[in-house]
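Peer 1: Sequence:
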Amino acid sequence: MSFQSYTFLFLLLPVAVAVWWLLNWRGHGKLAQGFLLLVSLAFYGKARLAFLPILLGSILFNFWVGKGLQTFARCQKGLLALGLLGNLGLLGYFKYANFFLENVNRVLGTSLGALTLLLPLGISFFTFQQIAYLMDCYRGDKPNYTLLEYACFVSFFPCVTSGPIAFHDEVIPQLRAANGHGPTAQTIAEGLWLFSLGMWKKVLLAQAFGGGADWGYNNIPALNSTTALAVVLSYTLQLYFDFSGYTDMARGIGKMMGVTLPENFDVPYQALTIRGFWKGWHITMTRFFTRYLYIPLGGSRKGTSRTCVNTIIIFLASGLWHGADWSFVVWGGLHGIAMVADRLLGSRLEKVHPALSWAVTFAYVNLCWIFFRADSIHQALSMGKAIARCNFGALSDQFTDNFQLALPAWIGREMGITLPRLALLMFLAFTAFALVFCLQEKPVKNRKFVMTGKKGVLAGVLLFWSIISLGTVTQFIYSNF
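According to the working numbering, the sequence shown is numbered sequentially starting from -3.
Read the hints as simulated data drawn from the structure, not as lab findings. Some hints here could point you the wrong way.
As the list claims (entries may be wrong) - Straight-line Cα separation of at most 30 Å, BS3-like style, residue types lysine-lysine; simulated pairs:
no., residue 1, residue 2
1, Lys347, Lys450
2, Lys347, Lys298
3, Lys450, Lys438
4, Lys42, Lys26
5, Lys91, Lys275
6, Lys298, Lys73
7, Lys63, Lys26
8, Lys42, Lys73
9, Lys138, Lys63
10, Lys444, Lys381
11, Lys441, Lys275
12, Lys63, Lys275
13, Lys451, Lys441
14, Lys275, Lys444
15, Lys91, Lys73
16, Lys138, Lys73
17, Lys26, Lys138
Could you put the whole structure together from the sequences, leaning on the hints where they help?
Peer 2: Structure (structure tokens):
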């Protein structure tokens, strides 16, 4: 099931919120948690019922390993090793087994057959959440959770498939605190606003740019340099509005249920450096790797050389986490190299004019997204060559025709504009609007939600506009990770 389905919007979500608060308001906290678990499992299992045993098995395994880490001090290292092996083994089998076999065949000249595997939804996200739980238990935390509370946290339906990566001590205390209380007007209003904004980002903006991006990557030989640049920029905007839209929707649902999920984006496309970009992009993934990989490796405590190596390691790991393909590793490596350069140049970067600094950073991020989007390194290099040829010309009509803001032909006739020209104008207008939106967004520290009449009307308009445009909406990009 997805957020942008009619079943979710008109059945599961309103019922989940209403029953959750009714049971808690009446003081039935455990019953409310049991209901939440059933809703979350129904939401997760709707995509494919066979995924449910994997999620449930992972929950049970990690819960009992966590209990063991809190109880048996002498066996902690062995239990942690067991927990990490179990989690990484599960992730490795489903996500990387065929990638491993493919590379063995390439290196050794063998012909090992690929396994028939389906990637369970959200496995990268709920695996990392549980690794964080085990690591915290190993470090001395003794959270006294019941199995029901822990299962609710891991399977919490707003973020089980695509994040944000929340930690146990952020979610479970809030689930407990709901007992004996009802919803507040503030949390419901803020939740509806975030959900409406996120849905608008996904359904209208991400979907519009996605059509042109998909066409471009499937037709690279036909692209001139102008169209290739437009394709790359389209994916840059599609990815941001798709993933930040999902996060807004997830946080909005959480708010409606009294749970504040962590921020995942903080104006990343306003960054003046790559370091600034990563302070604002996929924040919860960055903090996971920082807390549970970068710092254990020594962080920045062991000299400049070791810090640079550690930085490269975590970015290569983050690239591989996104998918089983060398193009993701290259994407991570490029960002790792830029982060090292950022550290080594230090204060000298502050002397660069902000406009130039932003332009270079944004261009580099776009370049890296080519490897992130491409199906292979070869395809990414082909896109790079299409840009580097410098054969600039008019944008391809086929590209603008695939811009997914469908417009009736009569609009163009009434305006005296041909449909291809109208599609071009709409692409240019939406691109300009999207860039202005990204550059004018308020940083998280400056955001303070106050519901007003105008904001309520705007939320209603965005939600209505999104709902009537749901016909061809695809799943969220990060559902594949």
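Peer 1: Are the Cα positions of Lys450 and Lys438 separated by 30 Å at most?
Peer 2: 18 Å, holds
Peer 1: Assess, step by step, whether the Cα of Lys275 is no farther than 30 Å from the Cα of Lys444, and give holds or violated.
Peer 2: 20 Å, holds
Peer 1: So if I understand the rule, the pair passes when the alpha-carbon distance is 30 Å or less; does Lys42 with Lys26 pass?
Peer 2: 24 Å, holds
Peer 1: With a cut-off of 30 Å on the C-alpha distance, tell me whether Lys26 and Lys138 pass.
Peer 2: 21 Å, holds
Peer 1: Does the structure keep Lys138 and Lys63 at a Cα separation of 30 Å or less?
Peer 2: Roughly 9 Å separates the two Cα atoms, so the pair holds.
Peer 1: Taken at face value, is the distance from the CA of Lys450 to the CA of Lys347 at most 30 Å?
Peer 2: Since the Cα atoms of Lys347 and Lys450 sit roughly 42 Å apart, the hinted pair is violated (cutoff 30 Å).
Peer 1: Does the alpha-carbon distance linking Lys138 and Lys73 stay inside the 30 Å limit?
Peer 2: 16 Å, holds
Peer 1: Holds or violated: Lys298 and Lys73, Cα atoms, limit 30 Å.
Peer 2: Since the Cα atoms of Lys298 and Lys73 sit roughly 24 Å apart, the hinted pair holds (cutoff 30 Å).
Peer 1: If you draw a straight line from the CA of Lys444 to the CA of Lys381, is it 30 Å or shorter?
Peer 2: 45 Å, violated
Peer 1: Is the Cα-Cα distance between Lys42 and Lys73 30 Å or less?
Peer 2: At roughly 38 Å apart (the allowed maximum being 30 Å), Lys73 and Lys42 break the hint.
Peer 1: Are the Cα positions of Lys63 and Lys275 separated by 30 Å at most?
Peer 2: 34 Å, violated
Peer 1: Would the hint linking Lys91 and Lys275 be met if the CA-CA limit is 30 Å?
Peer 2: 27 Å, holds
Checked against the numbered hints given earlier, this structure breaks hints 1, 8, 10 and 12; the rest are met.
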